[in-house]
Amino acid sequence: MSELEIKQNNTIEVKSKTLVKEKLQIPYAVLCELTHRCPLSCPYCSNPVELEMKSKEIDTETWKRALSEAVKIGILQAHFSGGEPTARKDLEELIQHACSIGLYTNLITSGVLITEERLKKFYDAGLDHVQVSIQDTDPENSEKIAGYKGHAKKLHTCGLIRKVGLPLTVNAVMHRQNLHNLKSMIDLAVELDAERLEVAQVQYYGWALKNQTAFLPTKEQLDNATEIVEEARVRLKGILAIDYVVPDYYAKRPKSCMGGWGRQFLNITPAGKVLPCHAAESLNFLEFDNIKDKPLSWIWENSDAFNRFRGTSWMPEPCQSCDRKEIDWGGCRCQAFALTGNENATDPTCEFSPYRNVLDEPLSNVGKEEIPEFIYRKINVRKPLNGIGHNSNKSPKS
Amino acid sequence: MTELLTLNEECIPKLPRHAKLRFDEARKKWIINAPERVFELDEIASEIIQLVNGESSISVIIDALCDKFEGAPREVISKDTLSMLQSLADKGFVII
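So the sequence lines, in the order shown, correspond to chains A and B.
The opening residue of the first sequence carries number 1 in the working numbering; numbering runs sequentially from there.
The opening residue of the second sequence carries number 1 in the working numbering; numbering runs sequentially from there.
If you're looking for bench data, these hints aren't it; they were derived computationally from the structure.
Honestly, I wouldn't trust all of these hints.
[Unchecked claim] Example chain B residues on the side facing chain A (calculated, C-beta under 10 angstroms, incomplete):
{"hint": "1", "residue": "LEU4"}
{"hint": "2", "residue": "LEU5"}
{"hint": "3", "residue": "ALA89"}
Using N, Cα and C, we set each Cβ at its ideal position, and we do this for glycine too.
Could you put together the complete structure from these sequences and hints?
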């Protein structure tokens, strides 16, 4: 039996006895970013800096067609995400469609907009699993990070999810400003009867890169966290599964981002663009095909964006002669490009990368600098030419 | 709160709603879809899991496998079956 673990926060880890070396793989999962609208404004949001407006969102029928095409190319799981996916009124219809064609469905939500009645509809539609983000166990800090007063509502939603009968994963992005509460986060996940806790790390591109100094943990915090997780994993075996990856700034080798570019995963944006990973638009030189124009099978096989970093032929040295090149597949392209300006650069997290200093430098200052204010995620509304624009900018409410 | 489950031959195992067994045509394999993960089952695991129906005890499942694979000692089949199901139970993907 081999186990493929599809993690959020940009990581797919393959635990398989054999690595298949065909050029074109069958993808496992599609991340459907139904909307970029979200009441929260987390400063580490994985959405692109240029967020899509509601008017650009693809309609219900287009999403349904995309899901049907996903099944045809062998996709097994659909993750409904955002923004906040429950902001879409057609979510139950999309879940129902996905389940009816055999997809395993997962809802990734902040939990702040869901009623019990709607959760029951999701359940009846066939939803398999829900993942709720919790920013911290300290309500005040949780709401400061999210830029939204919704902590109590999140906990309430978790209770409703279990009451309705759905399995729950708590997703906790941990960083410099909340790692001291990791123990209580684990306790909270147990208390909420979650089956999994994802201790996720901030990935530094897009919004998070703007807030890097505010989030980078100290080495001491990290070592402490690793110890806490190791103890809890033993103590809670069979009760709570804990996913935990060392943040790659402190790692010696890159992670296998998305299980390799264009190998296992694809992402559809609110506007219908098909991406090899949810951050791929940060690679601003790439052009992405749209589900409105082309079938998903064509895009998976032929899209320039998918083929750009597929396989290993694009890799420079020292990657090219590295025996791990088909293990980590070159790490994270988005982070490499964001930090070095060179899209082919060896991932700076690798100890053999000529760019390792771009990580070591901020790391050497961690703990010495004052923690800056957050730059919150918000939709940047361009004023129309006549100067009368509606302002949907969300300012932090705490 | 969930409690740790230790399986023995008396247990009647089943898959919870959120662990879905199916044959995947694209990969020509039995798979279990679970939250954020996919289990691709090898031949032995596929034989075992297809007998998990919420009615048969593990002992009945082992007997059925013994009938199907004549010559294989019961203790070997028993050990394989319990360890395979326990590994899924540890993750909450087999319940009783």
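Outcome of the hint check:
Interface restraint check: LEU4 (chain B) against chain A, minimum CB-CB distance 4 angstroms, threshold 10 angstroms, status holds. Because the closest C-beta pair between LEU5 (chain B) and chain A is about 6 angstroms apart, less than 10 angstroms, the hint holds. Nearest Cβ of chain A to the Cβ of ALA89 (chain B): about 7 angstroms, under the 10 angstroms cut. The hint holds.
Of the numbered hints stated above, none is contradicted by the structure.
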